[in-house]
Structure formats: structure tokens, C-alpha cells
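Produce the complete structure using the sequences and hints provided.
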Amino acid sequence: MTHESARPLLEVKNLTRLFGGLKALEDVSFSVPRGAICGLIGPNGAGKTTLINLISGLGPLSEGAVFLDGQLISGLPPHKIAARGIGRTFQNIRLFGDLSVLENVILGHHLRQCGTVIDTLLHLPRSRSGERDSRQAALALLGRLDMEHLADVRANALSYGDQRRVEIARALALEPSLLLLDEPAAGMNSTGLVSLCEFLLSLKDGSLTILIIEHDMDLIMRMSDLVIVLNFGMKIAEGTPDFVRNEPHVIEAYLGKEQ
Amino acid sequence: MFEFLSNNISTINFVLINISLGLSIYITLATGLLSLANAGFMAIGAYTVAIIQTQTHIPFSFGFVMAIALGVTLALPIGIVALGLRDIYLAIATLGFGEIVRIIALNGDKVVRLFSTNKDVIVFNGAEGITLAYKTPTIIFGLPDTTWPILIYCLVAIYILATLHNSRYGRILASIRQDETAASTLGINVARYKLFAFVLGSAIAAGAGALGAPIVRVVDPHNYVFSRGVDILAYAVLGGMTHWVGPILGATVLTSLPEALRFLKDQRDIVNGLIIMLSIIYLPAGLADPRVWTIPRKLFALLGSMRSSARNDSKGL
Chain A
4 MTHESARPLL EVKNLTRLFG GLKALEDVSF SVPRGAICGL IGPNGAGKTT LINLISGLGP
64 LSEGAVFLDG QLISGLPPHK IAARGIGRTF QNIRLFGDLS VLENVILGHH LRQCGTVIDT
124 LLHLPRSRSG ERDSRQAALA LLGRLDMEHL ADVRANALSY GDQRRVEIAR ALALEPSLLL
184 LDEPAAGMNS TGLVSLCEFL LSLKDGSLTI LIIEHDMDLI MRMSDLVIVL NFGMKIAEGT
244 PDFVRNEPHV IEAYLGKEQ
Chain B
6 MFEFLSNNIS TINFVLINIS LGLSIYITLA TGLLSLANAG FMAIGAYTVA IIQTQTHIPF
66 SFGFVMAIAL GVTLALPIGI VALGLRDIYL AIATLGFGEI VRIIALNGDK VVRLFSTNKD
126 VIVFNGAEGI TLAYKTPTII FGLPDTTWPI LIYCLVAIYI LATLHNSRYG RILASIRQDE
186 TAASTLGINV ARYKLFAFVL GSAIAAGAGA LGAPIVRVVD PHNYVFSRGV DILAYAVLGG
246 MTHWVGPILG ATVLTSLPEA LRFLKDQRDI VNGLIIMLSI IYLPAGLADP RVWTIPRKLF
306 ALLGSMRSSA RNDSKGL
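One line per chain: the protein sequences are A and B, in this order.
Converting from the first sequence to the working numbering requires adding 3 to each position, the first position being numbered 1.
Converting from the second sequence to the working numbering requires adding 5 to each position, the first position being numbered 1.
Heads up, a few of these hints could be off.
[What the hints assert, rightly or not] Covered stretches of chain A, as calculated for chain B (at least 3 residues, CB under 8 Å):
1. 94-108
2. 111-123
3. 126-134
Hints in this document: simulated from the structure, not taken from any laboratory.
Just so you know, even glycine gets a beta-carbon here, dropped at the ideal spot from N, CA and C.
Okay, here's the thing in C-alpha cells:
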């Protein structure tokens, strides 16, 4: 079992992504141990979102490979990668705006629902119990985020910060082993930020591993066990928050070189 | 009641068939697919029963099952190829399919003759089409025996789509319509559900075409041209594309309207077109939009307030 836990959950090896002549990512390698919260930071255009997109299967990678729990996942279509246990949120919130908050979260739970079209058409117990279980799981998740009262509200009627939290709930409904968060705190006020922080740290108790892109340095430094810094598509630093904070390359990337 | 039924039985038949066709395009539209193949699948259904009826002694019910089976068999490969396309490109590809069906129906006999020993065999009968023998319908429970199957078929189609709409499948299809990338990251196999919607819609259209054949009696290629496909689309556009009630309302209004507007004679199509245009501008979500249903109430409230203010005015004088 020691071997099991020693193996990193996520391994990214020599990942390169070209957009025509532009190298959005160049030879990026890192690994995230199981149960860790890993911050992914870097200036705008550093390739952070591209990296998350490649891990979740949106868009082809030019070179390299991604392993989840030792198994190759790069090259699989996004729905298969999701089924392997990767949930994600988007930088520009992508909820299903016409559906209710509850329906959005239940959709995240869809992989756990069994039963065929025939079961549904004949109202067989299998489809009904599956639906009931998903509903309960979704409501429980919303409860953990203090959003139960918003369950029947249409998703695009919510405030920006609430929409972000629903998106996190939807991703968590997949019961993923790896959660990819793309700027979850963007547009949140300070109270929202604190409760989000507490919520994400509470997830750490379980077996969840989180890779989080965030511009809020306070949040990253407080939450992360490990920080990876990208700049112009290349990894320029990796380590504990304290190490990264004082790393000359990082300071240079963010503040420029001292003359 | 019975008099109304018997006087308008052909309109009622067409309303029921068009509701089924409207539902067949609704299921693809609800998934975010603009597929215009429905008229083509309708033709496949109609020709299947017409040919079986004229060439063999196999009963109609078997022809109907064959029509749906053929619809599904053709929809699967077409869907697998065409559903990789998006938006307007899918519309163009599926329109092309409709044209292919029409041209095959027009020239089918040439192909049949290649494989037949009888070089004058007539199966499809080109542009004239297949004329089915007239049978005086018998009345069962107040409705002709040709209407009952259409009515039952229509109700079954409504049941299937309404049940799917309220189940996880309805939710999944709606999520694909709204954002298929986000849907795929939730583990939803987008391609598979799109194919499911396309095949289901095609099967419903083929069945409606099959049941419509004994009603129209003349199955010719002209019945299933591009404009028929647009008519079907109009049912869903007028009625609304996000709820199964939409195509039912749309098909009912647009099928009975030309009959009600018959006194306009040649100008009928213009008024028809005008109604569709106005509905797109003023009812973008269709007649099934809940907001539309508050309009009469608001009107009454407005009239009521006008009347009471008028009364107050007269009191003041």
C-alpha cells in the first residue's frame, strides 16, 4: 500500500502545445501528490488555462503525456477523462443557464446514474431510484456550500460568485479524484473568498486532490501545499509557497527585473 | 361534435401527422441540432408502406413497422457521419440528404429495372408517384379507422418525448444544447446523445410519413421537398423549441390556419408567412413560452383598469 500512496495522482510529462507557431506550453512536467492542493500561478497568458484544458481533454496536445493515477489519460475524449475522475470549472463560468441550480449539479452526478432509456420510458424503479439518489447527493452538496435555498433558481439568475460556487458543486458531483479549478475566486467579495477558502480546505480531508489556478496570491499561499509557476508557457518554479515566494525567477516574472 | 369531426376529419388527420412531425424535429432542436432531414425520413416512411401496399399483400401494420425500422437503419449511419457538423453546416448536410431521398424516389424505377428481369416494372412511378387504392373508412367510436392509428401514434410520441423531457435524458439533451463542451467535462458522451436524438427524431418522422400515406393516398416526391422540411421547422419555431408542448401548438396552429384562411385564396401563403415572421420577432421562445400565457390575463387586467377609470371619469363629469 505504501507504493500506492507514494505514486502521484497526477503526472504531467513534457507537455507541449503549439497554436500555429506560438508555443502556448513548452515541455512542462510536474506531478501532484494524492490529497494535495496544488496552486498553478503565473502572469496572464502564461498558459495556465491551456494546461488545465489539456489535462481535461479539451483540445489536442502537441507533445507529451498526462497520467492520472499511473494511467495514461491524454488522448482520451473529455467525457472519458471525466469518467476517470477529473472534474473541472471554467474561468468564464459555463453553467447551463436555462436550467436550475439543482439540475446543474445533478448533471454532474450523471455518471453515477444507471438505467436505460427503456427504464425511463416505463418509469421502472431503477430510473426513479437513480434520480432520487442523484437529487439527494446534489442537495447534500449544495447544503455543504450553504446554497440549498437556491436549488430551484435558474442558474443565470445567480450572482457571479454564487455561479462560481454552483460550478464547483457541479464538478464535485462527479465525485472526482482530481478537481481542476480555473480562477474560482474571480469576482467574489472578501466574505465569499473566506468561505470558499474554508470550503476548499474542508475538501482536503477526503481523498480529493486539487489543482487550482488563481490570481489571488493570498489564497494560493494560504491553501497550497505545492505551487507551480508558469511564464510564457514554461515552468519557471515549483515548490512550497514559501520557497516560490522568494524565488528570483518568480519575482522577475511578476515584477520585472531590477535595473 | 360529431358533425365537426366528420366535416374536418382531413384537417384533423393532418394536424395529428404534423404534430408528430413537429415532435420529430423538436427532439433534435432540443439537443441544439438544426437537422432538416425530417421530410426525407417522412418520405422514406411513406414510400416504404406505399411500395409494400402496392407490390405485396403484406398488411399495413407490418409496412408501418418496416418504415420505422428502415428510418432507424438509415438514420444511424447518416447521424454518425453528419453529426460531426455544427449549426448551419449540419442543416445543409441534412437538406442534402432530403434531396437525395427525393431524387431516389424520382428515379428509383431506373435502379429497380437494372436488377429486375421485367424491364418495364413500375415501383416508384417517378414524378407521378404511387397512388394507393381508396378504401371507404369505417367509423369506429366516432372516428374513421384511418384516424385512430395517427391519433394513437401522436399520443405515443407525446408520451415518449414528455417522459424523456422530465427525466435525466431531457436534462442531458438540454445541457448539450446550452454548452456541449461543459457537458462533455461532466462525463456526458455528447456524440452518443446527439445520435440518440437524431435517430429518435428520424424514426418518429418515418412513422408519421408511413401513417400519412393512406391519408394523402398519392405518395409522390413533390410531397417531401425542401419546403415540407421548412414547414416542419416552422411548427417548432412558432410553438417553441425548448418544451414538447411547443411543436404541438405550432403544428396545430399552422395546419388549421390555412384552412381557416381559405377565404383568402391566393394570399393565404402570404398571411401564413407573415404569421411565422411576426412570431419569430415577437415570440422568440414560441407559443409555449410561459410569458405568452400571461398576455391574456394582462390584457384583461388592462381592459378592466381602463373600464374602471372610464367609469370614474364619467362619475367625475
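Legend entry - Unsatisfied constraints (hint numbers, rising): Checked against the structure, no hint fails, so every one of them is satisfied.
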